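Student: Top to bottom, those sequences are chains A and B. Residue numbers 1 to 418, in our numbering, belong to the letters of the first sequence in order. Residue numbers 1 to 418, in our numbering, belong to the letters of the second sequence in order.
Some hints could be false.
Computed list of chain A residues with no C-beta within reach of chain B, every gap over 12 Å [to be verified]:
| no. | residue |
| --- | --- |
| 1 | LEU8 |
| 2 | ARG44 |
| 3 | SER52 |
| 4 | LEU68 |
| 5 | ILE78 |
| 6 | VAL95 |
| 7 | SER102 |
| 8 | ILE108 |
| 9 | GLY206 |
| 10 | ALA250 |
| 11 | SER306 |
| 12 | ALA311 |
| 13 | LEU315 |
| 14 | PRO317 |
| 15 | ARG417 |
Just the calculated beta-carbon pair ranges, DEER-fashion [unchecked claim]:
| no. | chain 1 | residue 1 | chain 2 | residue 2 | range |
| --- | --- | --- | --- | --- | --- |
| 16 | A | GLY111 | B | ALA328 | 41 to 49 Å |
| 17 | A | THR182 | B | THR182 | 21 to 29 Å |
| 18 | A | PRO196 | B | THR183 | 46 to 54 Å |
| 19 | A | ASP5 | B | LYS208 | 13 to 21 Å |
| 20 | A | SER219 | B | HIS34 | 39 to 47 Å |
I should point out that these hints are in silico values taken from the structure, not numbers from a laboratory. Keep in mind that this is a model prediction, so the values were computed, not measured. Built from N, CA and C at the ideal position, the CB exists for glycine as well.
Protein chains: 2
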Amino acid sequence: MDVSDYILQLGKQARHASRQARALSTDEKNKALHSIAEIIQARRAVLVAANSEDVQAGRERGLSDAMLDRLILTPERIDGMLEGLRQVADLADPVGEITDLSYRPSGIQVGKMRVPLGVVGIIYESRPNVTLEAASLCLKSGNATVLRGGSEAIHSNRCIAQCITDGLAAADVDPAIIQLVTTTDRAAVGAMITMPDHIDVIIPRGGKTLIERITAEASVLVIKHLDGICHTYVDKFADLDKALSVSINAKTQRFGTCNTTETLLVHQEIATQFLPRFETQIASFEVELRGCEQALAILSKATPASSVDWATEYLAPILSIRVVESLAAAMTHIETYSSAHTESIITQDYSRARRFMTEVDSSSIMVNASTRFADGFEYGLGAEIGISTDKFHARGPVGLEGLTSQKWIVLGDGHTRA
Amino acid sequence: MDVSDYILQLGKQARHASRQARALSTDEKNKALHSIAEIIQARRAVLVAANSEDVQAGRERGLSDAMLDRLILTPERIDGMLEGLRQVADLADPVGEITDLSYRPSGIQVGKMRVPLGVVGIIYESRPNVTLEAASLCLKSGNATVLRGGSEAIHSNRCIAQCITDGLAAADVDPAIIQLVTTTDRAAVGAMITMPDHIDVIIPRGGKTLIERITAEASVLVIKHLDGICHTYVDKFADLDKALSVSINAKTQRFGTCNTTETLLVHQEIATQFLPRFETQIASFEVELRGCEQALAILSKATPASSVDWATEYLAPILSIRVVESLAAAMTHIETYSSAHTESIITQDYSRARRFMTEVDSSSIMVNASTRFADGFEYGLGAEIGISTDKFHARGPVGLEGLTSQKWIVLGDGHTRA
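Pulled out of the complex, with its shape left as it was, chain A reads as follows (with noise of 0.2 Å):
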């Protein structure tokens, strides 16, 4: 079968499955994330055989160390995957939520229902926990979902999703709510974001010239993660030692992670206070600092930061500073700079806090916090299917609601319109 055929025919079963989707209860879907579990637990050494066919093609293509890892299933991942599906289980279910339902003058009453979106289709690269893990939160929220994961793990990836086929068969729940595309021809991406009749919305995950891609070729919605150039702003009438602590947290708890603080903004009134403390400070993490001309004169031992500096997510051990004469001046730098991602303010200042909070547009707004906050776990999500730099629908973490839209219910009593 032709490529194109095979995914519209994929997106036809499950837009036809998503029927059942949204109409399963709470405990239906429990169940089958049980069945889906214990089924995998029982043919762990197939999944292990699986995944080392894929490992050690990978091997022979020559794959980096890196993407060699993110490819095994080790014991303890494959311990991970099962109690990931056991959380998704144990998290509440927001489909079906009914809010602010209140009688109007006409005496109907108007609210609002928590409902699926539909289908998804997550496009991701070489982790094959995504498919199991991307799997179940659509499951939980009552989707039917068409995974397409990378071709290095081919092989992980159907053997995840035959336990889930016949996890959900012994559950009694349709296959098709959740199905693999199992060819690794690429044209499968191409034809998967181009049926917005049978795919509602496409959640690439992977690096970014995949997720540019998609966004570009797409006619079906995207949510989407772009870069994560984060900010944090100390400002002049911070609390030095906390933005001292917050401020390295927000560089070194982890250097490859989108909420890493790429630039540090610093108030003029207060660099030649704090920034030879925190070069000090930051000494032992090995982060290499790159300045601006006013920082430079500062700090022992910065390189000048390019104009490209303040435009790079480097995801690696380095930080670019700017003193900035002003907050206004500080919104500025991030207005133009920020991929709308995370940005935090360090102040005791109420008012410039205050100000900070409301005119920032990013996806998460900081008070004396660290960037590094920002994910579904720590806002209590429970889970995550992603992070969106996207305006609409969902912005920053996006969990089991993220998956959700609302519809409008009205409740009459043969009540008619005058």
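Fit chain B to the given chain A structure using the hints.
Tutor: Same frame as chain A, but now just chain B:
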């Protein structure tokens, strides 16, 4: 200047002005709205003269009476526009509302803050009052706006836009927050819908052809309303008196609106009791009835409905009627033919009402109420910029809240991630 350069310039100005727009206080926005109202009131004669130019040009170009009627600004309509401005000023400001702020185990507080979308592009047809209505809703919700009205109303729109500009300036608000496209070149629309860097969302208002074209060509998110193929389903456990008044109201209260019922579904067990009474009572409204085979056997004056009827939004005194064998069959009919706008079930049975409400996937689901209630004013939104038949961001009637999104806020006091 080239049209696309001109639109690009408007877009850049709007993006820049959106920073001021989102920082405006409620009081500043309300003063600006009143200031615009005062200027329009002072220039009524100028506005009427400008509108007369449009009407005369429309007559010369042979516009239909319906189109000329939409174009003309009577004294009552101008009063209505002014009253609308004052009502928008009276609405609660959605911007800055913080919800769900709660402590997490780490000690940070996490919540959500409602924020403007940014820059909203409105593309509409001949009614000049939309210019003021859309502008006022976007301003109140803290957005910058680019308005592109129909060429038939260009003189009226330019006059209204000048009043807006002067009103904003008099209230010390950047006039670039609300800009009108002053060229009638159709290429302006194509340019507006393909500059996601400068316009965040497009709201088209007008005929289906316009909206389909915009949706197909836009690279910007579109909040749109396509069809209104709404259903009323009279269940076998319906109170037939309520069923009669609700279904007749849903069809006849107005024929040309999107929330008018176009197809009546009737459970076969009550069809012989219900349909003759329905036919008698709807007779005075001169509605043409088209029925399925079973309905035709009961109705005395109906003609056969073809499969085209189930998929047609009549916007006219025509109703298609289908007898169904079960609640499930009614829901399958709706799933197949509905435009996902509004559906109502008439039943006294609790479980069947609950099931219909949960499983039917349309933007408004009603129980024992007329579909004609699907309206921003009836729902208590205070105003309505449109009704969305999309699933994302805004579903159903879209008021001020639909012109906003939510960002996360995190309050700490020197908190770092462990």
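Student: If a hint holds in the structure, say so; if it doesn't, say that too.
Tutor: Against the structure, the hints come out as follows:
With a minimum CB-CB distance of about 19 Å to chain B, LEU8 (chain A) clears the 12 Å threshold, and the non-interface call stands. No beta-carbon of chain B is positioned within 12 Å of the beta-carbon of ARG44 (chain A); the least distance is around 32 Å. No Cβ of chain B comes within 12 Å of the Cβ of SER52 (chain A); the nearest lies about 35 Å off, and the non-interface call holds. For LEU68 (chain A), the requirement that its beta carbon stay farther than 12 Å from each beta carbon of chain B is met, with the minimum near 28 Å.
The claim that ILE78 (chain A) lies off the interface holds: its Cβ sits roughly 26 Å from the closest Cβ of chain B, which is beyond the 12 Å cut-off. Residue placement check: VAL95 (chain A) does not keep its beta carbon more than 12 Å from all beta carbons of chain B (closest about 8 Å). Distance to chain B contradicts SER102 (chain A) as a non-interface residue, since its nearest Cβ pair spans about 8 Å, not more than 12 Å. For ILE108 (chain A), the condition that its CB be more than 12 Å from all CB atoms of chain B is violated, with the nearest at approximately 5 Å.
Even its closest Cβ contact with chain B, about 21 Å, leaves GLY206 (chain A) beyond 12 Å, as expected for a residue assigned away from the interface. For ALA250 (chain A), the shortest C-beta to C-beta distance to chain B comes to about 8 Å, within the 12 Å cut-off, and the non-interface label is violated. With 12 Å as the threshold on Cβ separation, the claim that SER306 (chain A) sits away from chain B holds: the shortest Cβ distance comes to roughly 23 Å. Annotated as non-interface, ALA311 (chain A) keeps its C-beta farther than 12 Å from every C-beta of chain B; the closest such distance is 15 Å.
Residue-level check passed: LEU315 (chain A) sits 17 Å from the nearest beta carbon of chain B, beyond 12 Å. For PRO317 (chain A), the shortest C-beta to C-beta distance to chain B comes to about 17 Å, beyond the 12 Å cut-off, and the non-interface label holds. Against chain B, the non-interface label of ARG417 (chain A) is violated: not every CB pair exceeds 12 Å, the least being about 4 Å. Remark: the range hint 41 to 49 Å for GLY111 (chain A) to ALA328 (chain B) is contradicted by a beta-carbon distance near 25 Å.
Judged by the Cβ atoms, the range 21 to 29 Å given for THR182 (chain A) and THR182 (chain B) is violated: they are separated by roughly 55 Å. Under the hint 46 to 54 Å, the C-beta atoms of PRO196 (chain A) and THR183 (chain B), about 32 Å apart, miss the expected range. The supplied range of 13 to 21 Å is broken by ASP5 (chain A) and LYS208 (chain B), whose beta-carbon atoms lie about 30 Å from each other. Roughly 43 Å separates the CB atoms of SER219 (chain A) and HIS34 (chain B), a value that falls within the hinted 39 to 47 Å.
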